[in-house]
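A.B. asks: Here is how the chains run, residue by residue.
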Amino acid sequence: MLIRRAFDICVKKQHVFKSVVSSPHSTLSPLNLEGGGGAILKSLSTNVYENLAVEDWIHDNIDLQGKNILFLWRNSSAVVIGRHQNPWQECNLKLMREHGIQLARRRSGGGTVYHDMGNINMTFFTNKKKYDRMKNLNMITKSLNKLRPQMDVRPTERLDLLLNGHFKVSGTAAKLGRTNAYHHCTLLCNSDRALLSSVLKSPCQGLKSNATPSVPSPVKNLLEEDPTLDCGIIMDSIVTEYTKQYGLDHHIILIEPKDEATLPGISKMTQDLQTWEWVFGKTPKFSVSTSFKLGYKLSSAMVTLNIAVKNGTIDSCNIKLPQHWLPSEMCEHLASHLIGNKFCPSETTRLTSALLRTCPQSEELHHKWNILCENVASVM
Amino acid sequence: MAAVTVLRCSGRFMGRLICAPQYRSCTRGRFIRSDYILNKPSLKIGQQRRFFRNTPVAAGQVLQFKLSDIGEGITEVTVKEWYVKEGDTVSQFDSICEVQSDKASVTITSRYDGVISKLYYNVDDTAIVGKPLVDIETEAVKVGALEEDVLEAPAVSHDEHTHQEIKGQKTMATPAVRRLAMENNIKLSEVVGTGRDGRILKEDILNYLSKQTGAILPLSPTPEIVPPPPQARTTPPQPKDKSLPVTKPAVTKPVFTGKDRTEPLKGFHKAMVKTMSAALKIPHFGYCDEIDLTQLAQLREELKSMAESRGVRLSYMPFFIKAASLGLLHYPILNASLDDSCQNITYKASHNIGLAMDTQQGLIVPNVRNVQMLSIFDIAAELNRLQTLGATGQLGTNELTGGTFTISNIGSIGGTYAKPVILPPEVAIGALGKIQALPRFNAKGEVVKAHIMNVSWSADHRIIDGATMCRFSNLWKSYLENPASMLMDLK
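Protein chains in written order, with this note's numbering: chain A, 501 to 880; chain B, 1121 to 1611.
Pulled out of the complex, with its shape left as it was, chain A reads as follows (with noise of 0.2 Å):
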């Protein structure tokens, strides 16, 4: 009680929710509920930056003593990466660049994951000391059963959940603070497993890195199981379930993400996860050794490249190339170059495009230079 009372008086806050009080459906009322404790939150927002950015917020600057916040996402094509991930190892960027998906790296934990409008996000922000990922399953489960009682859905050690005891529907991620804490997972309700198999499914050969790798499953939506559910049902079973655990009013407060006056912080938040520095540069430090066979014209020559990469930039490279297909100084030029370069094949084009511009102007070689830079710039 006079804990609560504390945080009741919290200048700060008062400061942040005064603009606020209008439509209670439409905004984000003060958390400091009667009775109870906790609220229930969906989001307006299908750009996946922006819903990991209101997760970000709500860890950073909602006190959870005592509250239990759950917070309803879903996201149009993304592919989310855990925090300690390598992102060449674990999707196809290529295909991603090509069908418009975007990258994302989450803060917290885990495996990679694909998002689109099939999926449910499901993040439980408590008390750190109230962290219990099992019981945030349990309920899932329990909601689920007691909509469909004949779907088999059951938690597993890993955290997991699995359909029929074999095809995985569910994967957990957490993220822990200083007193805050959230464990998020998605539900596949109607995701294009197809796309979802290729997108996640790395064409990088030879990388050898310390990064947290992902665990394959085979997976199943939950319509393919029971084609009368959907989203909407599924998320309000969810809810009603949560409501009755904690006590609270079945009443869902919708989150929009872009609105500064309601989470102020929240777009430098939205913009630093957007940031090449976060999303790529926060790799842990890999390398990737591969060798491809180069042809022009009637000659060929097999190339070895050995890149290591720290922070997503280019910290050593190695080019080694025949001499007679290319002269050993301008692999020597292309390799001292690609230091400090992102490793990104965009970048990498546009910086070996202008340097053949100061390069000797012999039709073949240019064509060589450029077969070789395509194939260097494939690799990334």
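Hints in this document: simulated from the structure, not taken from any laboratory. Treat the hints with care, since some could be wrong.
Straight-line distance between alpha carbons at most 25 Å, and here's what the computed DSS-like set of lysine-lysine pairs gives [claimed, not checked]:
no., chain 1, residue 1, chain 2, residue 2
1, B, Lys1390, A, Lys820
2, B, Lys1186, A, Lys629
3, B, Lys1186, A, Lys630
4, A, Lys635, A, Lys646
Fit chain B to the given chain A structure using the hints.
C.D. replies: Chain B only, in chain A's frame:
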């Protein structure tokens, strides 16, 4: 039970605070200690009175900060990233490192203010819960903070940490802030906290004081930011501040604390240095002119909807590019290349007209290949394609190499006249200014509204002379001022 302990001890602590001056002189000698291990709460409480001092003590204390319990019975974690290194100064609640355990990423924050003196693990090592994670060297006076942290450990709830119970409200402030408030006889309940969760910060106390006395107290240079010589954090000079004359006018010169930042030149910028240095060797001459695009503007309006029905966005660029190509047919020397030794000119057969584009990454120059074979619609479609690829970072070597002539539409951002630099191995480049509505005289001598654009050409004077550039420009201009004439020469 832990809560009761905290209240009781803080009460005692308060008692000690009030009696402080008595201890200053007598307990100095007994103060030096080393290797302060945390797990003895009773010892802390009993010795509280030793640690309250106003004057700094010479020896810093090295404290082992142990990896605290993460929950769910986890005993080991992997260290994934360090946010600090040995020698860094940290404040309480600063992030120290990121560890991972079983899909959970945990941010470990510092419990103390001080200087990191030792990191026990490297990245990717396994850290054990309960064992030391870092050593923090902290100043003696700050040790007051420790005791409350130790008391906090059993309760593990931050709201019980350093609270001051006044009028039934809890105010949060670090011990350093509390001492500052106490020294200035300020009640924390009267200060508005602007820190997280309403926490009272040092700045809040100073603001409160300045409002009271009308003096601006210079803020101590924040030791958290300035990299220290490896010693304990310097005491904030609050005792000295108290002696400031209260009646000074409240005007202080703003102090600029920005620092120069040097970074090595990397990647594309290094390549640009090479390219531009090579360009410098080319003797440039410039030639500028003014084009009346009134008729072209009208034509474009008429054709825009037709292009859109075919799914292509039509700008002015396709017209400029096609007109340039038609001009190059008459003046092929502008589409040539001089070899490095300046012995031979190569007249390029294809008109691969480059278009300088400004993207998120910076300057990029994709080219439209074989413009001599393309219609205006084809050029527009190709430009759309290049723009899309440029926006998504997918431009490849085919699009970025092999250019023979370049046009830069800097006017789309702004500007009238420019002095573009030729991109080797080319010999000419044009920069287009913005299109402005300006008054001009027509053939009848009347003032009419005209759409005027400026063009600035640069060419390699080793092989191109002014007359050639001028004639090319006039031809290009005539095609654009009278678009119907383009029809006559279109191939």
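A.B. asks: Hint check: Lys1390 of chain B vs Lys820 of chain A, CA-CA at most 25 Å. Holds or violated?
C.D. replies: 22 Å, holds
A.B. asks: Hint check: Lys635 of chain A vs Lys646 of chain A, CA-CA at most 25 Å. Holds or violated?
C.D. replies: Satisfied, since the Cα-Cα distance of roughly 17 Å is no more than 25 Å.
A.B. asks: For the pair we were handed, Lys1186 of chain B and Lys629 of chain A, check the Cα-Cα distance against 25 Å.
C.D. replies: 18 Å, holds
A.B. asks: CA of Lys1186 of chain B to CA of Lys630 of chain A, is that 25 Å or under?
C.D. replies: 22 Å, holds
In summary, the structure agrees with every hint in the numbered list given earlier.
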